[in-house]
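Q: Starting from the known structure of chain A, arrange chain B on it as the hints suggest.
Chain by chain, the residues run as shown.
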Amino acid sequence: MASDAKPRKAKAGKAAAPEGTEVAEASRPFGRLAAAAAPYLYVTPMVLLVGVFLLYPAADTMWLSLTKWNGIYPPTFIGFDNYLNLWTDPVFITASLNTVYWVAGVMLLQTALGLALAVLLNTSPLAELYKRILYLPAAISGAAIGVIWYAIFNNQFGILNASLRFVGLGALTQAWLTTPPLNTFSMIVAAVWQGLGPTIILFLVGLQTIPRDPIEAAQTDGANAWQVFRYVTLPLLRPITVVVVGINLINSFKVFDIIWTMTQGGPYRSSETLAVTMFRDSFVSFEFGYGASVAMVLTVVTFAVAVFYIRAIFQRLEVQ
Amino acid sequence: METLTRRTALKLGGAAIIAGTLPPWLLEACTSGGGTPSGASALQLSNDKVTWKAWFEQEGAASKSAGSSSWKLNEYADTSTYQAAIRTSGGSSKVPDLYTWWSGWLMKEIVDAGYAADVSSLWDKESSAYDKGLRDLFTFNGKTYGAPLYFGPWITLYNKQVFDKYQLQPPKNWNDMQHVLQTLKSKGVTPLGATIDGRWPAFIYFETFLVATNPDLYTKLMAGKAKYTDPGVVEAMNLWGQLINAGYFTDPSSVTFGTGSSTFLTEFSQGRAAMLQIGSWYEPTITEAGMKPGVDFGGFIFPNAKSGIQNSIIIESGPLVVAANGPHKSDAINSLGWFMSKAGQEAWIKATAFTSARSDVASPSPIDQQLLADMKAGGYQQINRYWEATPHDIVETAIDEFAKFMLHPGDPMPILQNIQKKADSVWATIK
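Taken in sequence, the protein lines are chains A and B. First residue of the first sequence: 0, per numbering that gives the first Met the number 0; consecutive thereafter. First residue of the second sequence: 0, per numbering that gives the first Met the number 0; consecutive thereafter.
Isolated chain B, as found in the complex:
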């Protein structure tokens, strides 16, 4: 009787164990996309920007009021799942009419695959209102494939009250910057925010220091025409490492740029950390935390660390794309045309408080207004952000290596060699 009981228990346990081996097969099921396109009256707009929901809804309603189609949102909380959905549905008619994407190499993939509709005519119509450099981000083989959903120059945001307290001014050159860093550190304030949370922020200071020391090398490196082991890259990494060792950065393993108890925002708003290098799109997040732009916090362009180099600023812009295979392609192009128009951008910038990409639509933030004026006055060349500027396979490897460097700053060469090894294999398949 006891044996029978044991056997029964074992059989039940065995069944449970075998059943437990099944979930890895979910890999296959996970590749399927989201919802299906709706009727022509409402264009399906897919995105991974769930916190932008209200803004999209307002813009969609404004689009409808202006005689174009409204937008029906299809949102993905997880970026990876979203990308997988678009990648696997982009060639079919199940693709949404409109979708948000990334510029650079990530965009090149979907353009080469024929997933994005040519919207060059919309840019031709609005050519006087947008910077050519911005259009270039979405242009491949002479055709343009998306409209700028957001435009974010990368700046150094700083706590004005902390700067005022220690009689500091936004630095205009590297000597000024060193003075700011040393003063803040001596007063017990962590000068710069840094994190590896979410992985991607690990590239921020790599691109910052390389652009600040050798922007031409950065451009060549992004295009596979230079190596990560080149002396100029090593020099930028050494500068970064020196500043980490000097204690000028927050503990990258402790703070996050998001919300929660360990967010950088708390450190920044309470004056324990003074600066952060990030896209201007982060300003509304700081504003929501109770700080007023231009009053409580300001921004400046990170100064060059070497003299005699071209003024350069990192910019980031993601496109809103019309699906080439979408069920309502013509309506979607019309709607995108309205989105790019002055009326469309006025509504969008009003909703989001983003930096305006259109020259005839003012940015609401005084920080952005000053930034755009400084860019123009200083003749700054616009350089695409690291995330978009180089093939994503290299980025994925590099951000993990940069995170390693942030946690264990030392000889950068082993890290750079690891990235270069990946870069060599990736470029070999592209060239």
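Only chain A is shown next, with the shape it has when bound in the complex:
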């Protein structure tokens, strides 16, 4: 295909070129070389950026995960010992389980709530106002979100327990941030509160691009509101749902700031996720090799889930 295109392109160029140009081009071999090299030159900066800031650190982290290194003495090669130790490390197992909670919790809650609120807002006369209010948390940093929700969930001084006591539901008060796995679920609520705005906006965009014809046709056929939503709106929202679920999936794997500001992964490392464990092992315990092995596991799992998810979606579309 490419070999066919080249002569045709050259011929066209020859026909259109003024007299004398052919001689000039022949006398400038470097000009043709430069033209051939131009595309590569355009992408070189990005290749360098990716190489320096992604590929090299990735390869180095991979190497680091095969070593024992405290940041002071030169790393010692220990093979796969770090990876073998992971499977018997109760902190890693807890962090893995918490990561599953986060992925499932954020993906389900944020997607479901985001969709429900988007549908409500789509027909609300106050949609613009609510959109702004609901989007506000997304404009706040994760650390600030953590501080806000810490003040809500604090056992003794928190707004939540105080409110429960105030309305006579003192029996329902909990140690929200110090009882595992309740502390993880509490933080998931905080994360969902922050991430809900962008999810709603994405779903609203999706809802507003759905053509009216199929909805009106369904209504004419006697479908009620739920049936219209379930059998018309929801299928037509699938492309945007795929994006929303994908983004929420990845974000929940990466979550760090909210956990670090609310519990620092504690108490006794009970609310760590893999990202927090990676940080703590590397930069608090200074077991850089071990931390790198957690980073590798987290990356491989995240990448695998993302690729599996995308492939599954594409295969489904091809079947359709």
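These aren't lab readings, by the way, just hints derived from the structure by calculation. Computed from a prediction, not measured in an experiment: that's the story for all the values here. Each hint should be verified, as a subset may be incorrect.
Far from chain A, by Cβ distances over 12 Å, these chain B residues were calculated [as the list claims (entries may be wrong)]:
{"id": "1", "residue": "178"}
{"id": "2", "residue": "276"}
{"id": "3", "residue": "328"}
Calculated cross-link-like contacts (lysine-lysine; reagent style DSSO-like; alpha-carbon spacing at most 30 Å) [claimed, not checked]:
{"id": "4", "chain 1": "A", "residue 1": "67", "chain 2": "B", "residue 2": "93"}
{"id": "5", "chain 1": "B", "residue 1": "421", "chain 2": "A", "residue 2": "67"}
{"id": "6", "chain 1": "A", "residue 1": "67", "chain 2": "B", "residue 2": "219"}
{"id": "7", "chain 1": "B", "residue 1": "107", "chain 2": "A", "residue 2": "67"}
{"id": "8", "chain 1": "B", "residue 1": "226", "chain 2": "A", "residue 2": "67"}
{"id": "9", "chain 1": "B", "residue 1": "142", "chain 2": "A", "residue 2": "67"}
{"id": "10", "chain 1": "B", "residue 1": "420", "chain 2": "A", "residue 2": "67"}
Note that the Cβ used here is the ideal one computed from N, Cα and C, for glycine as well.
A: Then chain B, alone, in the frame of chain A:
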């Protein structure tokens, strides 16, 4: 057309998802350090004590006025990032000229790696002004590697107004202490402040009760010559657990020692909590909250819980270190020499209101003056704080286990076994 739209959306989504997998690689990028050293006129001083900025600036200016170099600050808000920066740059010429650090095992690491300059000559010159025990904290294999940036004996700070209200006196023995605890509790005041916020405070009462019951065992335990499962340690933990169950501590999951709505300071200043075991460096924090030292709050040395044992007090001191590979090593040693001098310490203590480490420079706080007098009169041996006294890998495991005990006080043995398991693995690599 619809398929095309879907595919486009999916491709965009796929790209976003793949892009989202990238950040874990930031692990590598995070290991790089802070700024680069400046010119010889200003020495680069790195630290993780951002709230001390004004004090460092005043001391640097005083250093320059005295004919030494000034200090240019390079601050890190996060201790972990700071430690990583020094660890990874300490062997290169990019290390700052001066940097703050921790004594004990954390210091041994950088000394063994050759990151700290020998400043024994400065101590020799000032030997009459500093306690030998303090110098020992920074001495390894006969050489001394840092100057005391702060000196903080650990004391029990108490709300004087609450004590006066219930006609209580600072306890001198364990019976007195039990009377204070019971009285305060019966009056609806939480006797002692405790928290797990920030993780490190979880070790406070472990070291307090072990030193109060068996200081020799504490010393041996720190050096790996005793086990966490030894009966003496179990006894100290049981005492701690009994007092937790008696309701003598604040909810460790609710209060913090910092600022904010849930800070212990509010409880303390408003008389809802009466005492706190902590380093004397916390006094300026209480003073900033509006309480006057010696008037609104006082301090005493935590009494021994058993009779016939050596009087002991936990001390904490962190060094200011000259980088062995720093670009202006000679200037930095001169500046540190001035910092240790009487003039340097007078300026530093005036700025910080810390407990003075020099015998010929008075501590501004009446609490510290009384404390130092009591230490001398009682023949107290100075014992290094848990954080610095034992290998940090053990500390990291232990503070999480202690936090578990604070939240769920019961049989301490499973907790002690977990710590000992870590200690065994750590000591096996050291001995």
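Q: Which earlier hints can't be squared with this structure?
A: none
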